[in-house]
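A.B. asks: So you can see what is in the structure, the chains are spelled out below.
Protein chains: 2
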Amino acid sequence: MNEKESRFEMTKKHHTQTFLKAKKEGKMDKDFIPLCAHIAKTKEYFTSSCCAGRISLVGLNKEEEKKESAFHRKWHRTVKLKEIEEGINSYKGHILWFKQEPIILHIGTKNIENAKKILVLCEKVGIKRAGIKVAKEGKYIVEILGTHNITAPIKEGKFVIDKKHTEYLVKKANQKFIKNQKTLEKLTKQIKKEIK
Amino acid sequence: MNEKESRFEMTKKHHTQTFLKAKKEGKMDKDFIPLCAHIAKTKEYFTSSCCAGRISLVGLNKEEEKKESAFHRKWHRTVKLKEIEEGINSYKGHILWFKQEPIILHIGTKNIENAKKILVLCEKVGIKRAGIKVAKEGKYIVEILGTHNITAPIKEGKFVIDKKHTEYLVKKANQKFIKNQKTLEKLTKQIKKEIK
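Residue numbers (the working numbering), protein chains in the order written: chain S, 1 to 196; chain L, 1001 to 1196.
Honestly, the hints are just simulated from the structure, not real lab data. Be aware that one or more of the hints could be misleading.
[What the hints assert, rightly or not] List of simulated lysine-lysine pairs, DSS-like, C-alpha gap at most 30 Å:
1) 136(S) - 1186(L)
2) 1099(L) - 74(S)
3) 128(S) - 1116(L)
4) 92(S) - 1164(L)
5) 24(S) - 92(S)
6) 1041(L) - 171(S)
7) 1013(L) - 1193(L)
8) 13(S) - 1117(L)
9) 1041(L) - 136(S)
10) 23(S) - 196(S)
11) 116(S) - 4(S)
12) 186(S) - 1062(L)
Bear in mind that the values here come from a model prediction, so they are computed numbers and not experimental data.
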């Protein structure tokens, strides 16, 4: 085994152990388990980080900088109106954003040919946002990002979203959360078919 | 010149001509001209498609599929409340989304080392969404996507956003549009410094 190969083996082993530990401890997004478990069993691929999608309320400071961002509330499931209303009412910071975010997944692999295979596979299932983020000898990481999302500011200074609008946003976010899960199912199916 | 090099030269020539033609005809996003003009002059890079950011109203059908999407209105500048109100009032389709979208830029290059240089450069200026989308011998394309964005459904069936909320969204979208322009300025400066 050469240096490049042994680096890959070490990285794969590390990420596979992290996945198995998170799964055992119930810290793993359950919608992602079938996909990650399949990839863990392959010879040339691993998953590093992933989120099966979420609905959240994010509070930011005046500069609205990412590093200052904080989840005021987050759910990895559909939400109820009263949960969102409680989150809005209890928020005392500068600005509150309502977010419904798509799946995000990092798949690592050994060589660029495998990474390209993932890119083609994503196109097949209709995921447009996929790209190679890391390209090193023996370590290529593809980032996969779903498209269904909502990003809307809902509370700032004197402005606060009204009840009718909140109700509508919750309904749409839940719809999109479910669409997102279907994209994940399609992706899982395609990966199981093509990546052995 | 080998086959790989001649493929790159042809691709670069094609995209450079497309850029110069669009610029001449005034079809080019003017905020992107300094960056694209600089890249056109380099030996090993070209730009393919780009948008310096926009604010738009997007109408979708019941399935909300991308392929059915249509710009009801779009602006490559900050907007006025009355423009958005006119767009909302005149919309008769299934669902209308308000969108403020970040910069998107594709930079092509000859080899993977150059593509990686672009990824590192994006990290330096705080652009998290950048990835290699195409990886072929002699043709590597990096997609760069800004982060400032708003994506919110505002009209569907009996629901329509109220005036106070529209006013607030317009204010935030204009703020983010300007932040987005600053990211583009930073990116342009860094590219001029590092990519010759």
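A.B. asks: Quickly compare the C-alpha distance for residue 92(S) and residue 1164(L) to 30 Å and report which way the hint goes.
C.D. replies: 21 Å, holds
A.B. asks: Take a quick look at whether residue 116(S) and residue 4(S) sit within 30 Å of each other, Cα to Cα.
C.D. replies: Measuring from Cα to Cα gives roughly 19 Å; hence the hint holds.
A.B. asks: For the pair we were handed, residue 136(S) and residue 1186(L), check the Cα-Cα distance against 30 Å.
C.D. replies: 27 Å, holds
A.B. asks: Sort out whether residue 1117(L) lies within 30 Å of residue 13(S), counting only the CA atoms.
C.D. replies: 28 Å, holds
A.B. asks: Is the Cα-Cα distance between residue 23(S) and residue 196(S) 30 Å or less?
C.D. replies: 21 Å, holds
A.B. asks: Taking 30 Å as the top limit, are the C-alpha atoms of residue 1041(L) and residue 171(S) close enough?
C.D. replies: 50 Å, violated
A.B. asks: Given the hint that residue 186(S) pairs with residue 1062(L), does the C-alpha gap stay at or below 30 Å?
C.D. replies: Since the Cα atoms of residue 186(S) and residue 1062(L) sit roughly 21 Å apart, the hinted pair holds (cutoff 30 Å).
A.B. asks: For the pair supplied as a hint, residue 1099(L) and residue 74(S), is the alpha-carbon distance within the 30 Å limit?
C.D. replies: 23 Å, holds
A.B. asks: Check the hint pairing residue 1041(L) with residue 136(S) against an upper bound of 30 Å on the C-alpha distance.
C.D. replies: Holds. Residue 1041(L) to residue 136(S) sits at ~28 Å (cutoff 30 Å).
A.B. asks: When you check the alpha-carbon spacing of residue 24(S) and residue 92(S), does it fall within 30 Å?
C.D. replies: 37 Å, violated
A.B. asks: CA of residue 128(S) to CA of residue 1116(L), is that 30 Å or under?
C.D. replies: 21 Å, holds
A.B. asks: Given the hint that residue 1013(L) pairs with residue 1193(L), test it: the Cα-Cα distance must not exceed 30 Å.
C.D. replies: 23 Å, holds
Of the numbered hints stated above, those contradicted by the structure are hints 5 and 6, listed in ascending order.
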